[in-house]
Amino acid sequence: MPRLTSINARGSKEDVYALLRKRITLGEYAPGTRLKEMALSEELGISRTPIRAAFQRLRQDGLIQSVPNCGVVVAPWTDGDNDEIFDLRAHLESHAAALAAERRQEEHLRQLDRLNERMAALVRQRPDDFLTDLEEVNRRFHQLVVQAASSPRLAHFVASLIDVPRVIGAFFYYTPKELENSVQDHLAIARAIAQRKGALARSLMEDHIRTTGNRLKSQRQEAPDAPD
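Per UniProt numbering, the very first residue in the sequence shown carries number 1; after that it's consecutive.
Check before you lean on any hint, since a few could be wrong.
Once the Cα atoms are required to be at most 30 Å apart in a straight line, the calculated BS3-like pairs of lysine-lysine come out as [as the list claims (entries may be wrong)]:
id, residue 1, residue 2
1, 22, 36
2, 177, 217
3, 22, 177
4, 177, 36
5, 13, 36
Distance ranges between label pairs, derived from CB positions [unchecked claim]:
id, residue 1, residue 2, range
6, 117, 68, 47 to 53 Å
7, 207, 38, 46 to 52 Å
8, 43, 87, 18 to 24 Å
9, 48, 110, 32 to 38 Å
10, 73, 210, 39 to 45 Å
11, 218, 107, 36 to 42 Å
12, 67, 157, 27 to 33 Å
13, 197, 48, 30 to 36 Å
14, 18, 195, 37 to 43 Å
15, 218, 120, 24 to 30 Å
16, 56, 139, 33 to 39 Å
17, 52, 113, 18 to 24 Å
18, 218, 154, 17 to 23 Å
Hint data in this document are derived by calculation from the structure and do not stem from the laboratory.
Note that the structure is predicted; figures quoted are calculated from it, not measured.
The beta carbon of each residue, even a glycine, is placed where N, CA and C say it ideally should be.
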């Protein structure tokens, strides 16, 4: 996995927060990794003040926690977390896909097509650091499906489930074949939405989400010392 570089020496607390959050969500800092203010201050060439502020926000996000006699560590990710997150996503995002098939506008379809074209190109060409770009395109696709559903409360709930560790960094654990399968899933979901086939869109999205959850769970279980 490519290492994320440091920020500008005069970076704000927002910059520090964004960098540390990205390192956690993309897996550079694994669950249980200890984060030290002094070490980060030296690495980034900044004072400890913005690092403390970033830690406070990361705690609120549930991405880090304070452990007695240890300090600040990246929050664990268990089988239970995986099952809960992806079960909720499967229910909510499949419902969003069905609503999108009823309520979508032509502009939603154009944007979905553009995102799918971009995703297919990234998987085919595999430029440097393409997985980071792929994650962003994937994220935007799922957000756009929810946006097309025209349900603000649903969008709020889904956003809280997408924006967690290991969900954002999912593609870093995919094989080339699984990446291609994900592209095909997105194409099929967009096509069902365009054709106003709500039941099909619901089924395709649910299968897509559950496949991702099962892949990440298998990968975690294969890793040494994975927490239960």
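Item to check | Hints that the structure is at odds with (numbers, increasing) | outcome: 4, 8, 9, 10, 13, 16, 17 and 18
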